[in-house]
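Got two chains here, separate frames each, mind docking them using the hints?
What follows is each chain in one-letter form.
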Amino acid sequence: MINPFEIMETINMIDRENLDIRTITMGISLKSCADPDIDRLCEKIYHKITNYARDLVKTGEDIEKQFGIPIINKRISVTPVASLVDALDTPTVDKCVRIAKTLDRAAKDVGVNFLGGYTALVHKGYTNGERVLIDSIPEALAQTDLVCSSVNIGSTRAGINMDAVKQMGEIIKKAALLTSKTQGFACAKLVIFCNAVEDNPFMAGAFLGDGEGECVINVGVSGPGVVKCALEKVKGKDFGIVADTVKKTAFKITRMGQLVAQEASRRLGVPFGIVDLSLAPTPAVGDSVAYILEEMGLEKCGTHGTTAALALLNDAVKKGGVMASSYVGGLSGAFIPVSEDAGMIAAAECGALTLEKLEAMTCVCSVGLDMIVIPGDTSASTVSAIIADEAAIGMINQKTTAVRVIPAPGAAVGDTVEFGGLLGTGPVMPVKPYSSEEFIARGGRIPAPINSLKN
Amino acid sequence: MKAIVTVVGKDKKGIIAKVSDVLYRSDVNIVDISQTIMQDMFTMIMMVEMDDTNASVTDIDKKLAAVEKEMGLKIHVQREEIFSSMHRI
Chain A
1 MINPFEIMET INMIDRENLD IRTITMGISL KSCADPDIDR LCEKIYHKIT
51 NYARDLVKTG EDIEKQFGIP IINKRISVTP VASLVDALDT PTVDKCVRIA
101 KTLDRAAKDV GVNFLGGYTA LVHKGYTNGE RVLIDSIPEA LAQTDLVCSS
151 VNIGSTRAGI NMDAVKQMGE IIKKAALLTS KTQGFACAKL VIFCNAVEDN
201 PFMAGAFLGD GEGECVINVG VSGPGVVKCA LEKVKGKDFG IVADTVKKTA
251 FKITRMGQLV AQEASRRLGV PFGIVDLSLA PTPAVGDSVA YILEEMGLEK
301 CGTHGTTAAL ALLNDAVKKG GVMASSYVGG LSGAFIPVSE DAGMIAAAEC
351 GALTLEKLEA MTCVCSVGLD MIVIPGDTSA STVSAIIADE AAIGMINQKT
401 TAVRVIPAPG AAVGDTVEFG GLLGTGPVMP VKPYSSEEFI ARGGRIPAPI
451 NSLKN
Chain B
1 MKAIVTVVGK DKKGIIAKVS DVLYRSDVNI VDISQTIMQD MFTMIMMVEM
51 DDTNASVTDI DKKLAAVEKE MGLKIHVQRE EIFSSMHRI
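These protein sequence lines map, in sequence, to chains A and B.
Letter 217 of the first sequence, counting from 1, is numbered 217 in this note's numbering, and no numbers are missing.
Letter 22 of the second sequence, counting from 1, is numbered 22 in this note's numbering, and no numbers are missing.
Isolated chain B (complex conformation) (with noise of 0.2 Å):
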């Protein structure tokens, strides 16, 4: 099962450290990357593969939680099928 983590706020160091790391323990394989400055905002999609974790996308969305305060961020983490259904026919 894929899902996207999407990564909202002001550029700093450690971002993709932090964010990483979590997804790293959880033991979730990113398979693409992008990122962008949307509207003066650091913007960064990563698609993930999650067939390998115990965890659920709930659980790593708890875990990222901690990263997304401390740094002062958006982070969602979202099953990839809300994205492919809306925009693919």
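So that you can see chain A by itself, here it is in the shape it has in the complex (with noise of 0.2 Å):
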């Protein structure tokens, strides 16, 4: 028999330390669904998507409730909408705020908490059905609750679409005035990427990308308050110690997710996917990515040594998450967004955590700017800035970088915004007050970096 003490090592873990399996995301292409006509291509897509969703919520809730282990959502991810539009006839704004209200009354009737791929991939250029799909993104996200949206705009193969990033500057300012009574609700559903990935479980920036099959269950696990609890023992300790104590706890994590990902995918009768090895926070008390960072030695999160603290917590999770899966995927990163993590909310709020120091955590972790409340006068100009800087970075660096800033309508700095549930509560944080305008007036695009010449 297994011993004793591992067993209630791991009951601790649920009951005490939020251990949990942040999300199943089935994967559905769409590509089937194609059609000239609008009428068509909803129903085709309610169709799909009710028919290899439908036992989703309940096998979860099935699994959760005989092992014990708590899965907080199941979402779906479905195929790049722009990719439908481009197959209608005229394709119109409305037509695609059609296809968004489908997909979100696909996704409460099956029960599922979000569905994310009102997508456009555009990091080299535009194709008609984009161009609309991009400009419905503000109505899209405001008359629906459910759907998530991501836009990507650069990578390292093709560099950075400059007319993209001006224009997504627009549509977040568009999106935050449409839903002002909710203080900008819609920017919460929306994620701007360089390099993004084609499985990636987590929201609001999942679509099941092009060499994708039919059908997939991707799995993301969470667990920073058991890393914290982890290192709470070994004080003090070098940081070789530190390292291995991650390492050790990510492939114990990564193990639930595995074990979950595999057992979803038998009893649906889909094609597991992929693990995502990525330390995802809650608002709860325990479970933020920052209180791992300060158990390290800091005093608040954003001090002098968070850059390095977040390197070594990234790497030493992967490294220890690896072993546990057969395959591993997504993003696969400790994740930073401000809201929805207590220690990155309070370090916002005493100013120790900054938008310029969170950019530098950015290049060492997986993913981006995220979650962050912004003064609800910032331009159009200043957010679009917001993103070429961010999608420098992972332009650079080979890796995904994403933006999903809120600039809440009325809001100024000092003030807090309230999103509820897992999205948590954001202070609003001040962006610089010098103009970008006139390089962001320039367009065209910025050229892909010489390390992207491989072959």
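The hints are simulated quantities; they were obtained by calculation from the structure and are not laboratory data.
Quantities reported herein were computed from a predicted structural model and do not represent experimental measurements.
Don't be surprised by glycine CBs; every beta carbon is placed ideally from N, CA and C.
Take the hints with a grain of salt, since some may be wrong.
Stated by the list, open to error - Derived coverage of chain A by chain B (criterion: at least 3 residues anywhere in the stretch with Cβ under 8 Å from a Cβ of chain B; other residues may be distant): (1) 243-256; (2) 436-447.
Claimed, not checked - Derived DMTMM-like pairs: lysine to aspartate or glutamate, alpha-carbon spacing no greater than 25 Å straight-line: (3) B:Lys63 with A:Glu64; (4) B:Lys2 with A:Glu418; (5) B:Lys10 with A:Asp62; (6) A:Lys65 with B:Asp40; (7) B:Lys10 with A:Glu9; (8) B:Lys62 with A:Asp62; (9) B:Lys74 with B:Glu49; (10) A:Lys65 with B:Glu70; (11) A:Lys300 with A:Glu418; (12) B:Lys69 with A:Asp15; (13) A:Lys44 with A:Glu9.
To be verified - Not close to chain B: a few residues of chain A, all C-beta gaps over 10 Å, as computed: (14) Pro4; (15) Gly213; (16) Lys319.
Right, dumping it as structure tokens:
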């Protein structure tokens, strides 16, 4: 029999240290739904999603009960919708919004928390459908509850599409204004990527990439609380021991993800894709990535040393996790969403954590400037410039970076914006008061970097 | 299929009797029992076999919830794989 101490360790991780499976995400290809007629397209989309995912939530709940491990979210990711818009007779914003509403209705009817894939990949250029889809994003997000959107505006191989960067600044501003009653909530469902991955199970950036199959199960694990508790036991020890402790813990966390992924895949009769090894925080006290960094000896997350601490954490999580799963993928790294992490919120409120420090942190971890509330009067060109900076980090370092900022209408530095649930609470963080207007107005493309020429 | 029943709480008379009574009535076979004191708490761990029973892990968990409430304990019933996959390569 398994050692009683090991059994109790597992139970304590779940009961006291917030170990959970963050998400089971079913990827569903919508390629077969393409149709020039909007009515037929919507009908096919609804039918396919509700057919493929009809048992997803129940299966997740059954696994949760039988194994005694919480599975927080059940989600769906779909083929980038822009490719379906391209197939329409005459794409219009209204037709795109109808597709978004259809996705929303399908997601609600199968009972999932979110559906991702209202997406366009425009890192090198736009197709007609992509252009219309991007134009429709503010309306689509404002008129739906569960649909998440993402736009890839750059990659190491293609460079950065600065026309798209410029446009996304305007789209984010418009999405915030359309949802001003909820302080710009639509922006919490919109991610701008550089080097987006095709098998990400986490929202808001999940979509089912072009190289993926018909249907797939991807799983995202969590467990910052477990890592923090493990580090409490090695207080004052050197970094070799810190890294080793994180690795061992990440291994155990990931094994849970692997077990749940295999079980869900078997029960649903859908191939297992990947386990995403991300440490995803929640606003719950004790489930924070910032607290892990502080446990390493930093007074507040964001102070000098934070980037080094995060680099060690991110690397050790991967080293521990990779052995525990047969297929690792997605974003796989520590997330640093400000509003979703109790420690980050506290650090931002006291001024220890700034936008500039967060930008530095994104150089060494997954994924980017995430869930950051900025003043409502921030200009579209400043939002675009924030996106450009972050995309440049991703492009040069051959990693995924993302921006999910919320220019909350009416909010100023010193205010706090409540999103509720897993999305948490965001203190409004200051941006630079100096203009980037002329820089963003140039348009065109930033060429791919020399390190992309590998052939 | 095997499952692990863990019982944690303040030691008192009748814990084993009540838990094993529920298992017996549900046609669940106890394969192994260990008990120990961890951090001043009575901790009992049972490995059970569920091949003969029609009840699911969830059903047993629900039945044990009554004992949990009555005796002020914390009882978990979980499929064995969650522990073996976490602690064994």
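message: How does the segment 243-256 of chain A fare against chain B when you require at least three residues with a CB closer than 8 Å, holds or violated?
response: Check passed, 3 qualifying residues.
message: If I take the minimum Cβ distance from Gly213 of chain A to any residue of chain B, is it greater than 10 Å?
response: holds (25 Å)
message: Check the hint pairing Lys69 of chain B with Asp15 of chain A against an upper bound of 25 Å on the C-alpha distance.
response: holds (17 Å)
- prompt: Can the restraint linking Lys44 of chain A and Glu9 of chain A be considered satisfied, given a maximum Cα separation of 25 Å?
  reply: Outside the cut-off at roughly 47 Å; violated.
field: Pair hint Lys63 of chain B and Glu64 of chain A, alpha-carbon separation not exceeding 25 Å
entry: Given pair Lys63 of chain B, Glu64 of chain A holds - Cα atoms ~17 Å apart, limit 25 Å.
query: Taking a Cβ-Cβ distance under 8 Å as contact, does the segment 436-447 of chain A have three or more residues in contact with chain B?
result: With 0 residues closer than 8 Å to chain B, the segment 436-447 of chain A misses the three-residue bar; violated.
- prompt: Is the straight-line distance between the alpha-carbon of Lys10 of chain B and that of Asp62 of chain A 25 Å or less?
  reply: violated (30 Å)
task: Starting from Lys74 of chain B, check that the Cα of Glu49 of chain B is at most 25 Å away, please.
output: holds (21 Å)
- prompt: Quick one, are Lys300 of chain A and Glu418 of chain A close enough, alpha carbons at most 25 Å?
  reply: holds (22 Å)
query: Does Asp62 of chain A lie within 25 Å of Lys62 of chain B when you go C-alpha to C-alpha?
result: Status holds; Cα separation ~14 Å.
field: Verdict on Lys319 of chain A as a residue remote from chain B, using beta-carbon distances over 10 Å
entry: holds (15 Å)
query: Holds or violated: are the alpha carbons of Lys2 of chain B and Glu418 of chain A at most 25 Å from each other?
result: Outside the cut-off at roughly 45 Å; violated.
The earlier numbered hints that this structure contradicts are 2, 4, 5, 6, 13, 14.
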